[in-house]
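Peer 1: Chains U and G, in that order, give the protein sequences. Okay, so the first sequence: first residue is 1 according to this note's numbering, each after it adds one. Okay, so the second sequence: first residue is 1001 according to this note's numbering, each after it adds one.
Each hint should be verified, as a subset may be incorrect.
Taking beta-carbon pairs under 10 Å as the criterion, some of the chain U residues facing chain G (in silico) [to be verified]: (1) Ile22; (2) Asn23; (3) Gln29; (4) Arg30; (5) Thr31; (6) Leu136; (7) Leu140; (8) Ile284; (9) Val285; (10) Glu287; (11) Gly296; (12) Ala301; (13) Asp307; (14) Val308.
Far from chain G, some chain U residues (derived; all Cβ distances over 12 Å) [claimed, not checked]: (15) Gly76; (16) Glu100; (17) Thr104; (18) Phe170; (19) Thr213; (20) Pro218; (21) Lys252; (22) Lys337; (23) Val342; (24) Tyr362.
Just so you know, these hints were derived from the structure itself, not from any lab. Only a predicted model underlies this, so the values are computations on that prediction, with no experimental measurement involved. Even glycine gets a Cβ: it sits at the ideal position worked out from N, Cα and C.
2 protein chains.
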Amino acid sequence: MKKIAVLGFGTVGSGVVETIDINADVITQRTGGITVKYIVDVRDFPDSPYAALVTKDFSVVENDPEVSIVVETIGGIGVAYDFTKRSLKAGKSVVTSNKELVATYGYELMALAKENGVSYLFEASVGGGVPLLRPLKTCLNGDVIKEIYGILNGTTNYILTQMFQNGVSFAEALATAQALGYSEADPTADVEGHDACRKACILTSLVTGTHITQDKVPAKGISGVALEDVEYAAQLGYTIKLLGRCVFEGGKAYSYVAPHLVSRNELVSGVNGVMNGIVVKGNIVGETMFYGAGAGKMPTASAVVADVTAIATNVRAGECFEWSAPSDVSGDPAELKTKWFVRVRGELEAELAGTADGVSAYVTAEMSEKELQTVLSGAEVVSAYRMIG
Amino acid sequence: MKKIAVLGFGTVGSGVVETIDINADVITQRTGGITVKYIVDVRDFPDSPYAALVTKDFSVVENDPEVSIVVETIGGIGVAYDFTKRSLKAGKSVVTSNKELVATYGYELMALAKENGVSYLFEASVGGGVPLLRPLKTCLNGDVIKEIYGILNGTTNYILTQMFQNGVSFAEALATAQALGYSEADPTADVEGHDACRKACILTSLVTGTHITQDKVPAKGISGVALEDVEYAAQLGYTIKLLGRCVFEGGKAYSYVAPHLVSRNELVSGVNGVMNGIVVKGNIVGETMFYGAGAGKMPTASAVVADVTAIATNVRAGECFEWSAPSDVSGDPAELKTKWFVRVRGELEAELAGTADGVSAYVTAEMSEKELQTVLSGAEVVSAYRMIG
Chain U
1 MKKIAVLGFG TVGSGVVETI DINADVITQR TGGITVKYIV DVRDFPDSPY AALVTKDFSV
61 VENDPEVSIV VETIGGIGVA YDFTKRSLKA GKSVVTSNKE LVATYGYELM ALAKENGVSY
121 LFEASVGGGV PLLRPLKTCL NGDVIKEIYG ILNGTTNYIL TQMFQNGVSF AEALATAQAL
181 GYSEADPTAD VEGHDACRKA CILTSLVTGT HITQDKVPAK GISGVALEDV EYAAQLGYTI
241 KLLGRCVFEG GKAYSYVAPH LVSRNELVSG VNGVMNGIVV KGNIVGETMF YGAGAGKMPT
301 ASAVVADVTA IATNVRAGEC FEWSAPSDVS GDPAELKTKW FVRVRGELEA ELAGTADGVS
361 AYVTAEMSEK ELQTVLSGAE VVSAYRMIG
Chain G
1001 MKKIAVLGFG TVGSGVVETI DINADVITQR TGGITVKYIV DVRDFPDSPY AALVTKDFSV
1061 VENDPEVSIV VETIGGIGVA YDFTKRSLKA GKSVVTSNKE LVATYGYELM ALAKENGVSY
1121 LFEASVGGGV PLLRPLKTCL NGDVIKEIYG ILNGTTNYIL TQMFQNGVSF AEALATAQAL
1181 GYSEADPTAD VEGHDACRKA CILTSLVTGT HITQDKVPAK GISGVALEDV EYAAQLGYTI
1241 KLLGRCVFEG GKAYSYVAPH LVSRNELVSG VNGVMNGIVV KGNIVGETMF YGAGAGKMPT
1301 ASAVVADVTA IATNVRAGEC FEWSAPSDVS GDPAELKTKW FVRVRGELEA ELAGTADGVS
1361 AYVTAEMSEK ELQTVLSGAE VVSAYRMIG
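Given the sequences, and given the hints that come with them, work out the whole structure.
Peer 2: Structure below.
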């Protein structure tokens, strides 16, 4: 019987506690049993069935040798960082869904875990419930990974799906997403691509074995996606998806986040709503894709609990998630060549296309962002998207 | 440095040897190095760059203590069975892509591996290069698995995709598949669903922890799929896919293989050509899907080599793949309720529908196969498909 503590009793934290309850029988069969001994939160939960487990004092967990695994679902890089370090130093393994913390201090925390002979696992940090990080390291271990791209953020995928399927504007779709609880009150991290950026950093770090910081991964969000872009995309047989993309070439990693036009022939174009879909290309296996709920209380809890069971059964998965300090492996993603969909405004365009607003749309040959800028120098670029497929 | 032997230098076996060569650098980084010491085959390969490694005598491998891992890519349940047992008894781990052997003697071979303190791994046996079995056991370990269904056979998916996209008949599509090398000279195992059945057995065994024999998993193939069915499906917004499906309910496993009508809203309907796509539903994670090349030389080799690297790095993945002797956990899949698409011929139908051939098509309410048979008793059933989505 393993005793664990859950730090942060919000959406994911409460999902973890409930999952351990709901699936107690099978979890006991598989691991010998997992019990939540403490829930640490600054808030009170007098009406929760788990109220008796709640404490405001983390040091109770830190000093209790019975607690061997700590689940950190606080989020952010403040208290979560502090509690994670203290847990690892106290010889407790830590499991988290906190992508911001992993993307910011992952290397340091994994090193600290190793020093203390424990694990720091974070399957839930990318793709939520989608099995991704562990399969990437254990099932594709005979491959050289050439590229990863995918839908890493459910909120923006919900918004884009609404725009595409119902012809509503970005602002309207965002309002719906907020009303349904798919988006935070402050949607910036989702909408501007910061959340997807953190996940792209984690994926790139895992593949290169080097901690990739967020400043190496330029991120563009979806607030600039216009309904006109969506309509053009549909006419061309494409959808618009916010993709995190990591290309591994010549010893360099080229990673970025941006909205793309994705051909309907690509499976990822059919990943709709809040779902995530991540394509991994290996030099031997070819193309694989991992699909599932990328966020949400229970799917994220599923991945967290799976990591907890891995530690509880001494599967040495901790060694799978390991990378070293930042070093110079990042290339400039502006150099990557793809086709582009561009809309340009100008007098010549207006004459040539005969459009009232003077905007013409083009699909370019394969070129880098730098080449595109040269080609379009002097023109007023209304929108520009890389194309997949 | 681990020394391995590859038994069977056919499609997959040669892919394994080539993968270890092509990716030697990264495999050495990840494992300390893997070398192929022997290739065992009854044939000669005088023109192969690996000719010097080929031997006809398995006992050379069996008696060489330097060989710690044996890759079995012979196929079938004859010599492959014998060599696998002898390898395990000699204290060597065995990795295979041989679904027939795993589906037939898996339990016995895993027990033998355990007795001898070694591993018997077979990630490649289901879904080829698609990471599936290990994620199912390690990433979804906090879930109760409720259902697995998917496209488990690339050849039949290629044929159905051809029928659907190009309007060609089953016979024509099969001929193309054979010409392209996607189907064996004798296509029975693919076309009649036996291959998918073996994979459904392995998946069901993994989830239930009990060896499921093929006689418990009724399999219907695609040779009866008519172009008329395809046309009706398209009109309804469905495709036709050969699915292996395993439903876990009330302590019973209901598994079968049959062609289904799959709604275009389901991601698996977009899995085309020789690709595989397998949906796994857990009670916590919801729906996930795993996609990739389900067969073929290099994708299958990718999964085999990943298993070899797992053993070489002492990841104790062997313990993930474990189930016990057959016992009574199988329910009758005819009891499962779904909507059905049926085409029925009769005088009344001819009058009602006004169709020249007297055939009418219906979509039923949710019912079991037994209920359907009662409803249709007396009628001439031209075709009947379960529907997904």
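Peer 1: Does each hint fit the structure? Answer for all of them.
Peer 2: Results for each hint:
1. Ile22: 7 Å, holds
2. Asn23: 6 Å, holds
3. Gln29: Glutamine 29 (chain U) check passes; min Cβ-Cβ to chain G is 9 Å, inside 10 Å.
4. Arg30: 6 Å, holds
5. Thr31: Hint holds; threonine 31 (chain U) Cβ to chain G Cβ min 8 Å, cut 10 Å.
6. Leu136: 8 Å, holds
7. Leu140: The hint holds - leucine 140 (chain U) has a Cβ within 10 Å of chain G, the shortest such distance being about 6 Å.
8. Ile284: 4 Å, holds
9. Val285: 4 Å, holds
10. Glu287: 6 Å, holds
11. Gly296: 8 Å, holds
12. Ala301: 6 Å, holds
13. Asp307: 8 Å, holds
14. Val308: 7 Å, holds
15. Gly76: At about 24 Å from chain G, glycine 76 (chain U) clears the 12 Å cut-off, so the statement holds.
16. Glu100: 22 Å, holds
17. Thr104: 24 Å, holds
18. Phe170: Answer for phenylalanine 170 (chain U): holds, closest chain G Cβ roughly 24 Å.
19. Thr213: 23 Å, holds
20. Pro218: 27 Å, holds
21. Lys252: Its Cβ never comes within 12 Å of chain G, the nearest being 16 Å, so this holds.
22. Lys337: 25 Å, holds
23. Val342: 28 Å, holds
24. Tyr362: Holds, since 28 Å exceeds 12 Å.
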